[in-house]
Structures are given as structure tokens and as C-alpha cells.
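Novice: These protein sequences, in sequence, are chains A and B.
Taking this note's numbering as reference, the numbering of the first sequence is continuous, increasing by one, and the terminal residue is 725.
Taking this note's numbering as reference, the numbering of the second sequence is continuous, increasing by one, and the terminal residue is 725.
Simulated from the structure, these hints should not be mistaken for laboratory data.
Where hints are given, some of them may not hold.
Derived lysine-lysine pairs resembling DSS-like cross-links, with alpha carbons at most 30 Å apart [unchecked claim]:
# : chain 1 : residue 1 : chain 2 : residue 2
1 : B       : Lys683    : B       : Lys648
2 : B       : Lys685    : A       : Lys315
3 : B       : Lys147    : A       : Lys703
Over the 12 Å line for every Cβ pair with chain B, so calculated as not near, a few chain A residues [unchecked claim]:
# : residue
4 : Glu126
5 : Asp365
6 : Ile376
7 : Asp478
Think of the CB as a built atom: it goes at the ideal place given N, C-alpha and C, for glycine as much as any other residue.
What follows is each chain in one-letter form.
2 protein chains.
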Amino acid sequence: MKNDNFDINALFLGPKSENGQFFKDALISCVDDHLFWRKDFHPEDEPIISYQEKKCDSFQNVQDRTLSVLDRLSALMRETSAPWHSPRYLGHMNSEVLMASILGYVTAVFYNANNCAYEGSPATTPMELEVGMDLCRLLGYDTSKSWGHITCDGTIANMEGLWYARNISSLPFAIQAVRPELVAGKTDWELANMTVDQILDLAQKVKDVWDDVRNNSVRGLGVQESKLGKWIVPQSKHYSWVKAADVLGIGLQNVVDVQVDNHFRMDIDVLEQTINDLVEKQIPILGVVAVIGTTEEGAIDYLDKVVALREKFQKEKGVSFYIHADAAYGGYARSIFLDEENRFMEYDELVNRLHAEGIIDNDIVWPPKDVYNAYKALEKADSITIDPHKMGYVPYAAGGIVIKDKRMVDSISFFAAYVFEAGTTSPMLLGSYIMEGSKAGASAASVWVAHQLIPLNITGYGKLIGASINGAHLFYNMIAKTKTIEVNGITVRLEALVNPDFNMVDFAFNPEGNTDLNYMNEINLKLWEQSSATGVPILKKDFVTSHTDLAYEDYKDAPENLALRLGVTSDEWNKVKSIRVLRACILSPYLGLPKVTEQYWDDFMESMKKKLSCILK
Amino acid sequence: MKNDNFDINALFLGPKSENGQFFKDALISCVDDHLFWRKDFHPEDEPIISYQEKKCDSFQNVQDRTLSVLDRLSALMRETSAPWHSPRYLGHMNSEVLMASILGYVTAVFYNANNCAYEGSPATTPMELEVGMDLCRLLGYDTSKSWGHITCDGTIANMEGLWYARNISSLPFAIQAVRPELVAGKTDWELANMTVDQILDLAQKVKDVWDDVRNNSVRGLGVQESKLGKWIVPQSKHYSWVKAADVLGIGLQNVVDVQVDNHFRMDIDVLEQTINDLVEKQIPILGVVAVIGTTEEGAIDYLDKVVALREKFQKEKGVSFYIHADAAYGGYARSIFLDEENRFMEYDELVNRLHAEGIIDNDIVWPPKDVYNAYKALEKADSITIDPHKMGYVPYAAGGIVIKDKRMVDSISFFAAYVFEAGTTSPMLLGSYIMEGSKAGASAASVWVAHQLIPLNITGYGKLIGASINGAHLFYNMIAKTKTIEVNGITVRLEALVNPDFNMVDFAFNPEGNTDLNYMNEINLKLWEQSSATGVPILKKDFVTSHTDLAYEDYKDAPENLALRLGVTSDEWNKVKSIRVLRACILSPYLGLPKVTEQYWDDFMESMKKKLSCILK
């Protein structure tokens with residue numbers, strides 16, 4: 109399908125239910141299919157519920173109650189739900205979701221499949237496996253060697269990533285215990301620094317005693333700190349990494365934070381120094397996490413440089429480690445970089461196409477080279493978290509994880525046998541080699557429908573996510589252009605945190621002349637309180653946004669620059685060490701057009717002025 | 109609402125879509141509500157998608173593609189989905205789900221809330237908290253002290269239970285490190301044997317240094333085997349416990365299996381001996397799991413006796429341990445035991461009511477005293493897994509966990525502050541103190557609707573689940589009555605494994621005179637192959653059932669009795685040590701009536717005869 113034949117507005121219900129009738133018709137068709145299917149399973153069977161029974165009070169009472177409970181539910185949903193469909197929603201990582209995926213989810217709910225085991229989901233287990241392969245392809249993995257699946261969310265996917273890293277890192281020691289001759293002469297330090305490839309190759313040789321090997325790995329013995337190594341994460345880390353380190357028994361003392369730079373990306377020099385320090389102390393490195401789209405700033409870590417560091421350390425010092433990319437948020441945006449042949453485009457070619465096809469406006473420079481390089485390097489990560497329920501625009505709950513080498517699965521699988529061995533049916537028993545057990549087949553169906561409909565390249569998701577990125581940059585440019593607004597005779601400055609790597613814009617207001625950071629934080633907090641999705645009646649809110657607190661504890665001095673631009677001194681920053689910003693995730697597919705953004709921008713500024721005029725009184 | 113006013117047939121779509129029109133009407137009403145809500149958020153905003161745009165090829169192409177992808181999905185679902193709505197489905201732990209819960213789920217999907225944080229789910233987070241309280245009440249907990257929430261499934265709930273046990277058990281040592289005076293004079297053995305109550309009381313005293321304490325607990329230090337203790341599970345253990353021990357860093361070597369008795373319930377004498385042996389060796393016990401409804405037999409462990417053992421060990425030897433009840437499957441059935449005032453009925457009173465109200469047939473003896481006592485004791489467990497998507501009859505994915513004492517949350521929470529401290533809003537930030545992060549608000553809505561509609565006592569869920577239990581016992585009685593069938597002149601014996609504790613019946617066939625256990629296993633495997641939900645066309649299957657393998661490795665000699673009753677000798681059992689049984693989870697709400705069961709039973713026997721006549725040729 110040609111790009112010019114793909115109107116993304118036809119994918120969504122629309123802020124004014126513009127596609128409502130289409131949606132309803134499609135829904136009714138899916139319901140009817142289901143209702144007739146029920147009848148058609150052994151048509152000779154008599155109905156169990158008779159017409160007579162349906163006329164009884166005891167029957168009709170239950171129906172009446174059902175309707176009134178549903179009315180109550182619908183009323184509660186309408187009274188308080190966040191208006192994600194509207195361009196007025198500039199808050200959390202939420203937006204419209206695809207009509208097709210809602211309908212796909214709903215259709216599959218009628219059949220209520222459970223993808224834990226194939227017998228419970230003959231239709232949707234194959235969809236989940238197909239979707240897993242789609243994600244592998246999207247992220248640059250060799251689909252003949254890699255594997256992936258849907259998870260309930262990004263947190264569990266991150267935990268599964270750490271589970272892989274932890275169990276794989278313990279295999280060399282386990283093999284030493286069971287078949288010492290295979291690692292003869294290797295020191296503990298060498299065993300702790302084998303590459304993932306080397307470990308998996310070695311594991312192939314102990315297939316005949318696999319259960320024994322695993323019993324001597326962390327799976328059998330439990331965590332043994334002496335053999336564990338450190339798990340390195342950017343200081344901007346999502347709290348799921350704290351949870352993961354706790355749950356996996358690694359302990360927070362074995363998690364090492366690396367400072368972020370002024371772009372809120374993990375500082376590579378600091379990372380190198382951190383690794384050097386550990387190597388000097390002969391402390392192994394369990395793995396490094398790079399975040400592709402931080403949840404608070406949308407920052408894209410320099411994954412390519414992390415990969416390069418690993419290569420350098422391998423070559424120069426015989427030191428290796430696992431790399432996990434937490435692309436829960438940003439993963440799907442790799443579509444932008446892929447052409448119709450699934451080729452990762454050259455930089456200039458990409459930029460030209462983005463402009464030529466009107467995905468990114470001519471005066472917007474995106475992607476920066478750093479972002480481009482990071483996306484390219486995803487194919488080198490050992491595992492990647494990627495959530496369809498974020499930039500895949502499908503309904504909750506659908507997280508995902510992919511692994512580069514499917515041989516890794518045997519390190520966490522319940523099965524003694526090799527999961528992907530030829531001829532085995534076990535790949536269908538998902539629950540036996542992922543963290544979760546029962547899982548909704550409907551989630552897989554919902555993602556499957558999205559992938560069937562929208563190509564995972566520049567013509568499909570690329571165009572859709574591109575619109576959101578363009579929208580974020582339009583919003584950023586409006587902030588830059590606006591600079592100040594007048595509120596009751598007071599000039600109020602407006603500044604964005606950084607030129608966004610992705611589709612999230614953090615920003616803050618400060619009255620000209622105010623140098624009190626606490627006061628400035630108070631103003632922005634109050635602005636948020638009047639613009640949050642909480643507190644009824646939601647229908648009266650002009651705009652909805654979210655907020656976050658950028659504190660020294662998490663970011664060192666990276667936020668200082670914003671404070672300075674807003675007229676706060678370095679001394680003041682050093683005293684308060686925390687800055688409150690408004691946080692707009694511009695996921696809306698409707699804000700990619702300048703005319704829409706400009707129209708809502710004026711309204712937005714009016715709304716902010718009105719709120720500020722009360723706050724500044 | 110009086111029981112006689114509650115017709116459970118009005119709760120389901122019906123095997124022949126008998127309530128199809130009602131369902132469709134309700135669905136359309138929920139859709140319309142949503143479509144108009146979108147329009148009503150700032151009615152002054154112009155539509156973004158114009159009538160003109162909708163007429164363009166590029167728009168209509170996307171719509172056409174959407175419809176054809178949905179057609180394909182619907183076709184795949186109908187071609188291969190398991191017919192859970194039909195009384196002909198006697199397989200896995202699946203059945204019809206509540207119309208109201210499907211509609212609740214679907215309605216909530218339109219608003220796509222995320223219960224990770226309140227801002228993403230102002231409507232559905234309160235529903236999740238309410239549902240958590242419902243489950244606490246159902247399981248006998250004091251709702252002013254307990255807490256619970258929805259999980260993505262029972263596996264993650266079990267892991268969360270083990271997470272609690274592991275982190276709580278490490279707190280005394282952490283407190284010793286931070287405030288030694290509080291545990292002065294206590295030996296390591298005494299610290300490892302404090303009761304959960306004692307630990308939580310002690311934790312209250314170190315509130316001011318809570319972060320310090322946690323950094324000195326397993327959360328900060330990682331797993332330290334020397335302080336861990338053993339996690340005791342019944343040998344029938346669900347594989348989620350193997351996964352949990354791996355993920356939580358405990359290691360399988362620290363999991364101790366306890367043999368099951370002839371009812372497939374954890375043998376209490378063996379459990380006592382196991383604990384005694386550990387105590388003698390001064391190895392602490394991290395916790396004991398009792399299963400309320402094993403997945404392969406529906407067996408209910410003697411939870412009351414586990415609790416009594418703990419009391420005895422506490423009193424006599426100063427030994428204590430955590431108790432987790434894995435009631436993922438059986439938990440909701442506690443409704444049967446509760447009267448309209450939420451009182452756990454006396455045994456005789458209960459049996460009388462069950463008969464008087466026609467929930468359990470007069471000639472069926474259920475519950476056995478052991479089952480009654482186990483259900484009563486649930487209120488004594490420290491945490492309980494209970495899955496709404498099993499006996500709550502709601503769609504996937506909705507597992508659940510409840511904890512007896514909400515102070516436990518601080519041991520796993522991300523927050524440094526106390527989660528449930530008065531005045532804090534943090535209880536709304538679910539993602540910060542459960543395993544998962546993003547989670548579908550729709551799951552909570554779906555369970556909430558079910559609980560609003562159906563009382564969690566004998567008049568509501570009690571009647572519904574009672575019907576399934578009655579159905580299972582009718583099925584069991586038919587097996588017992590049938591004893592043998594004639595197939596082409598060969599007499600074939602039919603025997604059930606045990607009189608079911610719950611609503612699952614395992615059974616097997618063997619030709620009279622055959623003493624070859626391998627041959628018998630082969631016959632039953634072939635019967636399953638011809639009756640499984642896999643392999644198209646599903647619409648042609650007469651009946652669908654599942655199967656399982658009861659092997660010595662997991663069950664010791666418990667399955668031998670079935671082999672003997674089918675004409676296989678002890679010697680043969682000792683040689684083969686494994687028996688293949690067909691496994692029928694009778695969850696269907698329609699099989700509680702003798703006339704329905706009897707009618708389908710005749711068809712079922714005919715179908716089995718037809719299959720056997722091919723197999724035995």
C-alpha cells in the first residue's frame with residue numbers, strides 16, 4: 109500500500125466520534141458472528157434457556173439488575189475518565205487507541221481465549237507468536253533466531269529481561285560444576301565475562317545434562333551474590349527497575365545508577381568510568397539497561413554507544429555484559445526508520461522521505477543523529493521491552509518483550525527439554541517459559557489486528573507515530589516562539605526542558621523577576637492541579653496535562669539549565685535542587701498538523717493565562 | 109435479593125445465544141454512551157475529521173482494510189476457538205463468562221483506563237480497590253486491616269505472595285542491623301521464627317528509618333541463602349511455584365515438596381515430619397503453601413490443619429512460618445459457605461441450606477468436612493491468590509491477591525513512606541506497590557460489575573458455583589453408576605480418580621482384562637486426541653475434554669488406587685509409575701441440573717463408545 113493511500117484519521121474513532129457509525133456497524137457484525145457461532149456448534153442441541161424461563165420474574169430481575177449495574181458503570185466511566193480522544197489531552201502517555209484494535213480486543217473477548225496453553229487458545233496463540241515475530245523484525249532482529257511475546261505490561265517485560273540476564277550469567281558457573289572440562293582453565297572472572305553468544309554456544313554442549321546444569325545455576329541454587337555482578341541503569345531509571353531488582357532477588361545494592369547528561373540521556377563517559385571502576389575492582393557487570401524513551405522526558409539513551417563500549421571492553425579487557433533496551437515507550441517508533449522492504453534507511457534518505465511525505469514538517473529537524481543511531485542499534489541489544497499499549501496504539505493490557513537469540517529461553521523455561529527443538533509442540537505452551545501464566549488471548553488479537561492493518565514501517569506506524577513526533581515538535585516550537593505571556597500586567601516566562609528526542613515535552617512557567625525556585629515550583633504545581641485528569645467534573649477542564657518533579661537525587665544537575673533559562677540562579681538551584689515541570693505527552697494523532705496545533709495552542713495559552721491570573725493574585 | 113429471585117441462566121449468553129438480543133441491546137447502549145461522551149467534551153470544538161475527508165479514497169481504503177482484517181479475525185476465532193459455552197465442553201478450567209462482565213470489560217475498553225496510577229484511571233482505580241475489599245471480605249479477612257488487588261493472573265499473584273513472604277522474613281535481620289537494641293538478645297534462629305504479626309509490629313517501631321531498614325533487608329541486599337529458609341509446597345504443586353522460586357531468586361533447592369495423600373491433598377503427617385526435620389537441623393521455614401483447588405484434580409488441601417500445625421509449632425517450639433493459600437481456582441467458592449450476613453455458616457446449617465435451596469442435590473454429600481474446614485481456615489492465611497477469571501466467571505485477564513495485614517505492603521512498596529498511612533493518596537498509585545505497572549482498568553471494571561450484580565454469598569456466587577459443583581458430582585455419580593460399557597463385544601471399565609473435592613473429575617477407561625498400564629494409557633491418550641480442543645474443525649467435535657498425566661514423580665503412589673480399580677496390578681503400577689487420565693473441569697453453569705447432565709451423559713457415552721470402537725480395533 110502506498111503511503112498516500114493511508115489516512116491515519118480513518119484509524120480512530122475521532123475526537124467527535126466522527127467514525128462512530130463505522131465503529132458501531134463493525135462491532136455489531138462481530139457480535140452477530142459470535143452469536144451465530146454459538147448456535148452453530150451442534151445445531152441439533154436444544155436451547156437450555158427456554159422462552160418460558162425468560163419470562164419469569166427471577167429471570168427478568170437479573171436482567172434488570174444487569175442493565176442498571178452497566179448504566180452505573182457507564183456513568184462512572186463518563187464522569188471521571190480522562191478525555192484521551194481530545195487534542196486537549198496533553199498529559200500522560202495516553203491517547204486515542206486504534207478502532208481496529210478495540211474491535212479486535214472486543215471480538216476476542218467474546219471467545220475469551222487464554223494464551224497460557226494452546227488448548228485454551230487455538231486461534232490466539234498463533235497470533236501471539238506472529239506478533240512476537242513482527243516485533244523482532246521491527247527491532248532489527250534476525251527472525252529465524254529471535255523470539256518475542258506479549259506481556260501484561262512493560263514492568264513484567266523488564267523483569268523478564270532481568271530474569272534472562274541473571275539466569276544466563278549464572279550458566280557458565282553451573283556448567284563448570286557439572287562439566288568442568290568444558291571450561292577448564294577459566295577463572296571465575298573469565299566465567300563472569302563470557303559473552304551471551306559464548307554462553308549459549310556452550311549451553312548447546314550440555315543438552316544431555318540440562319536439568320543438572322540448571323539445578324546448578326541461579327534457578328536451582330538461588331541468588332549467590334558472589335557470582336552476580338552489578339546491574340547498571342541510567343539514573344533516570346523507571347521505578348520498574350527498582351521493583352525488578354527487588355523481585356529478582358538481586359538487591360538494590362547491586363544496582364548502579366549512571367548520571368544523565370543535559371539531554372537527560374545516560375552519560376556515556378560516566379558509564380565508561382563506572383564500568384572501568386568495577387573492572388578495576390574485579391566486580392563483574394551483570395548488564396546495562398539503555399532506555400529508548402524515558403517516561404518523564406522521552407529521552408533516548410545512546411544505545412549505539414553502549415554497544416560500542418561493550419565491544420571495546422570485550423576487545424581490550426575481556427569484559428562483557430548483557431544489554432537490555434527498555435523501549436517500552438519508544439520501541440514502535442523504529443517503524444519510522446524502516447522502508448517498505450524493512451531496510452533501516454540511511455540518515456539523509458530518511459530525513460528526505462520524512463519531509464517529502466509530509467510526516468515531519470520541513471522546518472523541523474528530527475531525528476537528531478544521536479536518536480537515529482540509538483534506534484539503529486536496537487538490533488544489538490540482547491533483549492528489548494516494547495509495549496504495544498503505548499506507541500502501538502492498542503488498548504491495555506499489552507506489553508511485550510523480544511530476545512535476540514531464542515536459545516536464551518531454555519535458561520528460564522519450566523521444561524527440561526529444549527523449547528525450540530525441532531518437532532516439539534512446546535512453543536505453544538507459552539505459560540511454561542514466560543513469567544506469566546494465564547493471559548488474555550484478546551490482547552494478542554488486538555495487537556495482531558493492528559499489525560495486520562498497519563505496516564510496521566514508514567508507510568504505516570511510521571506515519572502515525574511520525575504525526576505525534578511532529579506534533580510534539582510543533583508544540584515545542586510554539587513554546588520557543590512564545591517565550592513570554594502577559595498575565596495581569598505580569599510578564600511570565602515559558603520554557604521547555606529540551607528539544608524533544610521523541611514526542612514528550614516538559615515545560616515550566618515563571619514570572620519575570622522571580623528568582624525563588626520554591627515559588628516557581630508552587631506556581632507550576634498549582635497549574636497542574638487545575639489541569640489534571642483527577643477531580644470531577646472532567647468535562648469542564650479546558651486542557652489536561654501531567655507533571656513531574658526533576659530532582660537532583662535522580663538527575664544531578666541536568667535540570668539546572670532550565671532553571672537558569674527561567675531566571676533562577678545556580679545558587680538557588682543548588683539550594684532547592686528540584687524543579688517542577690508540566691509534562692505533555694503528545695501522543696495524539698491529530699496534533700501533527702500545524703493548523704490543528706496552532707488553533708489549540710491559542711486556546712491553551714488562554715487557558716494557562718486564566719489559571720495564572722488566579723494563581724499570581 | 110432472595111435466592112429464588114436469582115436465575116443464574118439470566119447471567120450468561122447461553123449455549124444457543126438465548127440471551128443474544130439482550131446482550132446486543134446492552135452493548136449498543138454502552139457504545140452509544142461512549143460515542144456521545146466524546147462529542148460532549150467541549151462541544152464547541154470542531155470535528156477534526158471532515159465529511160469530505162471521509163469520502164476520499166485514502167480514507168475509505170483504510171476502512172475497507174479494517175473491515176477485512178476484522179472479518180479475518182472473526183473467522184479465525186470461529187474456526188478454532190474452544191466451545192466453552194456448550195455443555196459439550198468438559199475440558200480445561202473454562203466456561204461461559206458472565207454477560208455483565210463481558211459488557212463491563214468492553215465498556216471500559218472504550219475508555220482504556222490504566223490502573224497503574226490514579227490519574228490514568230479515576231473511574232477504575234476505585235473499582236479495583238473496592239473489588240479488593242470484596243475479596244478480603246469473601247475470604248474472611250477483617251476489611252479494616254486487609255488489602256487486595258487484581259493481578260494479571262494467578263502466577264503473578266503467587267509470585268507476589270512469595271515476594272511478601274521473602275521480604276517480610278528478612279525484616280527482623282534488617283532491623284537487627286539498623287536498630288539492634290530492638291531485637292537485643294535474639295538469636296538468628298529466633299529472628300527467623302518471629303510470627304508475621306510480631307514482625308509487622310516491630311516494623312512499626314522503625315518507621316523513622318524505614319529506608320535504612322529496607323536497604324538492609326533482602327530488597328537492599330539481595331537474597332542471602334543463609335537467612336532464607338525453605339518454601340514448602342504440596343507435591344501437586346502448580347508449575348507457577350517453580351517459576352516463582354526461580355524468579356524470586358530463592359532457587360529450587362530451597363523449595364521442599366510434601367507428598368499428597370490418596371485424596372491428592374497435601375499429607376499433613378508428612379508436612380509435620382518435614383517441618384520437624386528442618387527444625388531439628390535448625391533450618392528455618394520461609395513459608396508453607398496450601399492449594400485450594402489443585403489444577404489437575406481440584407483437590408482442596410487441609411489448610412485448617414496447616415494453620416493448626418503452625419500454632420502447635422509456635423507454642424511448643426517457638427517456630428513460625430508464613431502461610432500462603434493458592435486459591436486461584438477455588439477461592440470464589442467460599443461464597444457458598446457465607447450467608448446473607450457474610451457469616452461462615454455452621455456445617456449442618458450449610459448442608460441443609462444447600463439442599464433446601466436446590467443448590468446441591470439431596471443425594472449428593474458436599475462439602476466433605478475436610479473441605480469445609482479448609483475453606484473456613486482461609487481467613488488465617490497471610491496471603492491468598494484468588495482469580496476472578498476462574499470461578500468468578502469474568503473474562504481474562506483478572507487474577508487477584510489479598511493480604512491479611514495491609515502493613516505488609518511496606519515490605520514490597522517502592523515508596524519510602526508508609527503506603528496506608530492516614531491522609532496519604534498513595535494507595536491510588538497501585539503500580540508503586542504491586543508487581544505489575546500498567547494494568548487494564550477494564551479488568552477491574554469487569555470484576556466490579558460481577559460483584560455489583562452477584563452477591564458473594566450463598567444467594568449469588570454460591571448458587572452459581574454450587575451449580576458447577578453439583579454438575580461435577582452428577583458427572584462423578586454417572587461414572588460410578590455406569591461402571592462398564594460395551595464396545596464391539598469388549599467390556600470397557602470406567603473409573604473416576606476420586607470423589608471430587610470441587611468441580612473437577614478425572615477419569616479413565618480400560619478394557620476388561622487388560623493389565624498393561626502402558627496400553628491403557630495409550631487408549632486414554634487416543635481418546636483425548638479425538639476429544640481435544642485442538643485441531644480443526646472444532647465445530648465437528650462431539651465433546652471436548654482435557655487430559656493429564658499422574659506420575660509417581662509428582663504424586664508418589666496416590667494414583668495407584670485408580671490403576672487397581674481399573675484392573676492393573678501393583679506390580680504393573682510400580683513398573684510404569686504413570687497413569688493418563690481424562691480431565692473434565694465441570695465449570696458450566698448448565699450442568700447443575702440432573703436432566704441436562706443425564707441427557708448429555710448419554711450422548712457422551714455414545715461418543716466415547718464410537719471413539720473406543722476405532723481405538724480398540
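Novice: Does each hint hold? Answer for all of them.
Specialist: These are the hints, each one checked on the structure:
1. Of the pairs offered as hints, the one joining Lys683/B and Lys648/B is violated, with about 38 Å between alpha carbons and a cut-off of 30 Å exceeded.
2. The straight-line distance between the Cα atoms of Lys685/B and Lys315/A is roughly 25 Å, inside the 30 Å bound, and the hint therefore holds.
3. Taking the CA atoms of Lys147/B and Lys703/A, the gap is about 21 Å. The hint holds against a cut of 30 Å.
4. With a closest Cβ-Cβ approach of about 4 Å to chain B, Glu126/A is found to fall inside the 12 Å limit, against its non-interface label.
5. At roughly 14 Å, the least C-beta separation between Asp365/A and chain B is larger than 12 Å, which holds for a residue marked as non-interface.
6. Consistency note on Ile376/A: stated as away from chain B, and its beta-carbon is indeed over 12 Å from all of that chain's, at 27 Å minimum.
7. Distance to chain B confirms Asp478/A as a non-interface residue, since its nearest Cβ pair spans about 27 Å, more than 12 Å.
Hint compliance for this structure: hints 1 and 4 are broken, all remaining hints hold.
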